[in-house]
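**Q** Line order of the protein sequences matches chains U and F. All you need for this note's numbering is the position in the first sequence, starting with 1, plus 13. All you need for this note's numbering is the position in the second sequence, starting with 1, plus 1.
It is worth saying that the hints were derived from the structure and are not from the lab. Don't be surprised by glycine CBs; every beta carbon is placed ideally from N, CA and C. Some hints here could point you the wrong way.
[What the hints assert, rightly or not] A few chain F residues that face chain U, going by a derived Cβ cut-off under 10 Å, partial list only:
no.: 1; residue: LYS4
no.: 2; residue: ILE7
no.: 3; residue: SER14
no.: 4; residue: LEU16
no.: 5; residue: LYS21
no.: 6; residue: ALA22
no.: 7; residue: ARG39
no.: 8; residue: ILE46
no.: 9; residue: LEU48
no.: 10; residue: ASP49
no.: 11; residue: ALA54
no.: 12; residue: LEU67
no.: 13; residue: ASN70
no.: 14; residue: ASN72
no.: 15; residue: THR73
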Amino acid sequence: MRVSVITFPGSNCDHDAYEVFARRGHQTKMIWHKDHDLENPDLVILPGGFSYGDYLRCGALARFSPIVKEIVGFAQKGGMVMGICNGFQILTETGLLPGALMMNRSLKFICKHQYLKVESANSPFTNTLTPGTILDIPIAHKEGNYYIDQLGLERLKDQDCILFRYCDSTGLVNDATNPNGALDSIAGVVNESRNVLGMMPHPERAATDSVCSQDGTRIFEAIECFVAGRA
Amino acid sequence: MLKAKIFVQLKPSVLDPQGKAVTNSLSHLGYDNVVETRISKYIEISLDTRDLAAAQKQIDNICNSLLANPNTETYHFVIEEI
Numbered sequence: 014m015r016v017s018v019i020t021f022p023g024s025n026c027d028h029d030a031y032e033v034f035a036r037r038g039h040q041t042k043m044i045w046h047k048d049h050d051l052e053n054p055d056l057v058i059l060p061g062g063f064s065y066g067d068y069l070r071c072g073a074l075a076r077f078s079p080i081v082k083e084i085v086g087f088a089q090k091g092g093m094v095m096g097i098c099n100g101f102q103i104l105t106e107t108g109l110l111p112g113a114l115m116m117n118r119s120l121k122f123i124c125k126h127q128y129l130k131v132e133s134a135n136s137p138f139t140n141t142l143t144p145g146t147i148l149d150i151p152i153a154h155k156e157g158n159y160y161i162d163q164l165g166l167e168r169l170k171d172q173d174c175i176l177f178r179y180c181d182s183t184g185l186v187n188d189a190t191n192p193n194g195a196l197d198s199i200a201g202v203v204n205e206s207r208n209v210l211g212m213m214p215h216p217e218r219a220a221t222d223s224v225c226s227q228d229g230t231r232i233f234e235a236i237e238c239f240v241a242g243r244a
Numbered sequence: 002m003l004k005a006k007i008f009v010q011l012k013p014s015v016l017d018p019q020g021k022a023v024t025n026s027l028s029h030l031g032y033d034n035v036v037e038t039r040i041s042k043y044i045e046i047s048l049d050t051r052d053l054a055a056a057q058k059q060i061d062n063i064c065n066s067l068l069a070n071p072n073t074e075t076y077h078f079v080i081e082e083i
């Protein structure tokens, strides 16, 4: 699989993502935001971090980087794009994903392990996972409080676009197990064409033996299975 | 020269945790009658033009394309001569 990881000024999880895909044996490339060529990837990763210092709104300024024009074109042609944390914020600001990421209701930066519930297997990112599967994947953000208007939320549900919700170790989804106030405990959504994923948790931080959870690999395995099946 | 004074506000339907925290702090200060606080952004943009109509259109485009997120925010502005 060919993976292109984008680096914006202020990205700080780009090397983590690169390492994970490279170690899994994929042709992984780092692409600078001023580049105009995605180098023909199967998957584009928009990593976590603080692109453009989070000025104005998180992800708002990254939208104007030259490479984003290429990413939009790539996604519109069905290319797979995965935005993690700040990458998710960039995807909503770009309009590739609906909704917005607001400040956490606690007003605090939250950095901790978090359980997620897989809500749908109907995506390239979850196709090998059974709905209801619980994953332990870290979160690290201050603006992860997903918001969408009522009509948008109904549409997300109707189109089966909610892939991950925050939960506890038993899979309970409620206000107490929601770390940041996200509407309907939404942690990750896919677009209606199902090729663009945005998620606040960091699967790349749970994908090597040196950390205490390897549950992020379940998502990478799903992507690998999908790409292998397509080839 | 013209100066645009732009206010970007969260839509009423969007929760404002910062505003809520400020309301709590005001309550601690003894201001018990404060019912709600909403935090907004105030932005000034100076334009090297005297064409008010063109400036109105330009600032509107700037707000739509960058300064406000239509999912969560609304905006309004006034333009003054400086």
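**Q** Any hints this thing doesn't respect? Which numbers, in order?
**A** The structure conflicts with hints 1, 2, 7, 8, 9, 10, 11, although it agrees with all the remaining ones.
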